[in-house]
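Residues per chain, in single letters:
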Amino acid sequence: MTQGIHGTVADGFEAVREEFAAVVAGELPDYEGQLCAYLHGRRVVDLWACGADSADADSLYGVHSATKGAAHLVAALLVQEGTLELDRRVTYYWPEFAAEGKDALTLRDLLAHRAGVIGTDTGFTTAELADDRVIAERLADQRPYWRPGTAFGYHALVLGALVGEVVRRATGHTLQEVYEERVRAPHHLDFHLGLPAALDHRFRTAGPAVPAPVREASSVSPADGPRTLAAIAFNRNTAHPTDLATLPNEPVVRAAGPASVGGVASARGLAGMYAAATGELDSRAALLKPDTVAEFGQFHSVGHDLVTRTHGSYGLGFQATADVWHPFLGAGTIGHSGAGGCQAFADPAGGLAYGYTRRRSVRPGGAAPENQRLVAAVHTAALAC
Amino acid sequence: MTQGIHGTVADGFEAVREEFAAVVAGELPDYEGQLCAYLHGRRVVDLWACGADSADADSLYGVHSATKGAAHLVAALLVQEGTLELDRRVTYYWPEFAAEGKDALTLRDLLAHRAGVIGTDTGFTTAELADDRVIAERLADQRPYWRPGTAFGYHALVLGALVGEVVRRATGHTLQEVYEERVRAPHHLDFHLGLPAALDHRFRTAGPAVPAPVREASSVSPADGPRTLAAIAFNRNTAHPTDLATLPNEPVVRAAGPASVGGVASARGLAGMYAAATGELDSRAALLKPDTVAEFGQFHSVGHDLVTRTHGSYGLGFQATADVWHPFLGAGTIGHSGAGGCQAFADPAGGLAYGYTRRRSVRPGGAAPENQRLVAAVHTAALAC
Amino acid sequence: MTQGIHGTVADGFEAVREEFAAVVAGELPDYEGQLCAYLHGRRVVDLWACGADSADADSLYGVHSATKGAAHLVAALLVQEGTLELDRRVTYYWPEFAAEGKDALTLRDLLAHRAGVIGTDTGFTTAELADDRVIAERLADQRPYWRPGTAFGYHALVLGALVGEVVRRATGHTLQEVYEERVRAPHHLDFHLGLPAALDHRFRTAGPAVPAPVREASSVSPADGPRTLAAIAFNRNTAHPTDLATLPNEPVVRAAGPASVGGVASARGLAGMYAAATGELDSRAALLKPDTVAEFGQFHSVGHDLVTRTHGSYGLGFQATADVWHPFLGAGTIGHSGAGGCQAFADPAGGLAYGYTRRRSVRPGGAAPENQRLVAAVHTAALAC
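Residue numbers (numbering that gives the first Met the number 0), protein chains in the order written: chain A, 0 to 384; chain B, 0 to 384; chain C, 0 to 384.
Here chain A stands alone, though its shape is the one from the complex (with noise of 0.2 Å):
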């Protein structure tokens, strides 16, 4: 028997609500997963499915990747404000980033994904992907991958760490806490990166990855060794490889969310932060203005990934959601997915702001394939409003 979607559409969503229980009756039974979209501040789907289980709209997932979001978003915040300067090299702010021959790349290059520090020759414990200091402390002694200016590639699990120090030394916070107060708390978003004990309860351990025999390649499909780039940016260059897909399940990832990949959000969370970003959301003014949502969304590096080894589009972090994923989506979309299968981005030239999450993840990683069909029966809905 197929279980039941909850939840509520606006009127004109209808089909996204039928798109949505499609795509649960195609699931395993236990599947659990959220879909919520704001369109122009107000939220026009709001739709779960909760497996066997007691999951809810206030239910909390690990978004991995898609906690980057949130870190360039607190970027894109100083920058707007001026407290950090996108030409400005990196070491202006970070001395000791000049090492082994980074010394001329700009905060720009940085966001980019093209710094080439993507990790390190030996790897990292779990305790210190979660500590994004422990992180950036050994890249800036690392020697980058890559001839800075010449390419970029995906800092899976660092350029939060990267950014976020940065963001600590312009302003004596860390990006966490600046991410706190000027955007979680303001807007009551359920997307935590450092999830409060008290909430914990909330949180859905993630299952193990769903067997998916037939899926298209996605956009991270590292080869199989153990040195490559892609294991040293997904860090299975170490004798305790990390299980990116229950990464979130560690204690002390969750509490500290580091900023790569470590926050926590319900799909409401991450579609939420999105409206508040781009557009006036609960009476509160957009937090970035159209010009700096447009230098954020342009696009900065685009070709060949080097670690995914696939076409990437990136424009200041956020990735350009509609090169790579949804090419019916406008210019200057922003966004990022998660190796759990989520996704989340803005449309600010349609209004548009989407979120995803789901418990168990799919192989391989990036935002999982019924994606596809949701992104598009939203914004399909949306153009008909």
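It is worth saying that the hints were derived from the structure and are not from the lab.
Glycine residues also receive a C-beta, built at the ideal position from the N, C-alpha and C atoms.
Be aware that one or more of the hints could be misleading.
Now the in silico label distances, taken between C-beta atoms and shown as ranges [said to hold, decoys possible]:
1) 91/B to 289/A: 27 to 35 Å
2) 57/C to 132/A: 56 to 64 Å
3) 251/B to 239/C: 55 to 63 Å
4) 289/A to 283/B: 47 to 55 Å
5) 41/A to 136/B: 30 to 38 Å
6) 382/C to 100/B: 47 to 55 Å
7) 51/C to 20/B: 48 to 56 Å
8) 148/A to 310/B: 17 to 25 Å
9) 126/C to 21/B: 41 to 49 Å
10) 126/C to 379/B: 28 to 36 Å
11) 9/A to 148/B: 41 to 49 Å
12) 148/B to 180/A: 30 to 38 Å
Which residues of chain C face chain A? A few of them, derived with a C-beta cut under 8 Å, are [stated by the list, open to error]:
13) 293
14) 297
15) 301
16) 310
17) 321
18) 328
19) 348
20) 349
21) 378
Position chains B and C against the provided structure of chain A, taking the given hints into account.
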């Protein structure tokens, strides 16, 4: 009953006639098209098929983006004589272009589809698309859609206007005037940027696009959203989206001949222009010196085209036809195809110039598939000469 | 009857012997080939198959572009000791190179296949291809085929000559002389740039290419025109196009050992050179320090290769073998394949060096397909050690 093929071929080019006949036999009964080629300044192929109607070698068709070939020939002439300098900033000629972070862009960047101002957030009316000055004025204020210097994308409907504004500022004449005086009139070319009323009776109204169930993917296959980069570049981000296929049917477009897509030509005109540009024709010296051809044919933008989302290769404005369409052509081939299905180029190393028109376009845009067979046949015959 | 496999493997590498035997069993009866690998300076694989003839481990084969690995090792040695500086302009060493807009090119650009002088408009004779000084002189006058700085392409037959000329100007010795004195002789490597007459009896004449009806596409599949970039790069733009497969059969080529494609080696020689370059071998210190290896292995040119029209990845002269051929190899792997089917590389992170030769080439050029299986087998066995 298959319709007949008209015209002549030089000795050694009989196989081209056969290939053209085979192409026509596979088309709909109302097919109209022209094929022309020059080898070392001699017209060696001059064929046409006239459908159910009275078309002939003097019939004129909208050539869409092949128009850009004429526009860039003007730019090359002015660079050759020193009126324009490729490495000067665009703002040296056109100060208003500096807005929104475009001040450092050079003429070279502009010609190489790197400026990033592929359209505007609000789109154009058809009347505006017919007027290069209006387009240029609007784009001067536009923020680039990608960070200048990081990427490139096809400026489908506007590149001619941007280059034209530089020409106008530098010479006091429109690009169309320079083209008429320096290129078209001296060689009596049937390739018009601005069709005189007296010749309008030779224009063949573009018919509806041919349904094409099984066609190979073209270089332009924009995704289906109304605010994508492709939508902006092809002016589909408006209440009245442009139907590119029938745009030349608008009298205002034909009469003005906007330099991106407004040209009207026969195959003789297309091939003749490239023959005149790169070699001796009718006892006149080549318009361009070999060094100028080589510079405009040098690859300048190669890789992922952000607008078409496919592999693109451009010299200075010209398509690198050998890299994109016909890999057996010589290095340094310059050309430009058009959305109606036409194709035109010069292969200077082989002494070859080619032009092809057809009345009804083939979806998706770009050079129609039959060009693969026709160019191969012409090239093979030319090699054997 | 299947021919036998000769040679030895170290404990733990038995599966490599089996894989090699399986490869040989699938080849024609006259197959000849050698396979050699080092792990942390110890020879762990040393196998050969000798066809119907008396080939053995000391047989020498033309290794075509794998020669470039030796050439770039010389460049790396001279950079390491300060004789050459990567970021100096080529013209600092070689003033005549400035012609036709090449004055700003650095040695780094040159090594990274970015110079654009892949050949000449008129091609070379075989005697000229054997003489690096003649090649260099001709290319000094040549206009680049793409705008320096915008793209890259495989300098198939000439890169060694260009680098060699820089070496000669800076040291007063040819690249071949430096290689002999600093690399080959001290390690007694059977990898010769210029084969002494006394050893010529060990050279195995390259046979005709093996017909290969169903082979996967290689990285080098030039289109079929006589004036394409590929034709220029592979010297097919002349009245007497080069047959790359049999080029080493020319005594003048073997004797001179031009640094792009004229090397002659056994698999022991290939693997031994990479072992000596990156690690301790026969109680001698590694020729290159880890920092030098890392710099030459850093990705410098990644993306669309204008000559091969496929995805290319280069460090400084070396192929980024892990990105192009064997994705499971470690980051920083340096190597070079050859058109005869050979493959050679060092994976410094894994302490692995690999060499493979075969007598008859496989169309199209580049590392022969069986390297996929053989490298995987060696890598898997090495990991388990």
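Structure-based check of each hint:
1. 91/B to 289/A: 27 to 35 Å: Holds, at about 30 Å.
2. 57/C to 132/A: 56 to 64 Å: holds, 58 Å
3. 251/B to 239/C: 55 to 63 Å: At 57 Å between Cβs, range holds.
4. 289/A to 283/B: 47 to 55 Å: With Cβ atoms ~53 Å apart, the hint holds.
5. 41/A to 136/B: 30 to 38 Å: Given a distance of about 37 Å, which is inside 30 to 38 Å, the answer is holds.
6. 382/C to 100/B: 47 to 55 Å: holds, 50 Å
7. 51/C to 20/B: 48 to 56 Å: Check passed, 53 Å falls within 48 to 56 Å.
8. 148/A to 310/B: 17 to 25 Å: holds, 23 Å
9. 126/C to 21/B: 41 to 49 Å: The hint (41 to 49 Å, Cβ to Cβ) holds, given that residue 126/C and residue 21/B are roughly 45 Å apart.
10. 126/C to 379/B: 28 to 36 Å: Between residue 126/C and residue 379/B, where Cβ atoms are some 31 Å apart, the hint holds.
11. 9/A to 148/B: 41 to 49 Å: Between residue 9/A and residue 148/B, where Cβ atoms are some 42 Å apart, the hint holds.
12. 148/B to 180/A: 30 to 38 Å: holds, 35 Å
13. 293: holds, 6 Å
14. 297: Given a least distance of 5 Å, the restraint on residue 297/C holds.
15. 301: holds, 5 Å
16. 310: holds, 7 Å
17. 321: With a minimum Cβ separation of about 6 Å from chain A (threshold 8 Å), the hint on residue 321/C holds.
18. 328: Nearest chain A Cβ about 6 Å off; hint holds.
19. 348: holds, 4 Å
20. 349: holds, 6 Å
21. 378: holds, 7 Å
Of the numbered hints given earlier, the model fails none.
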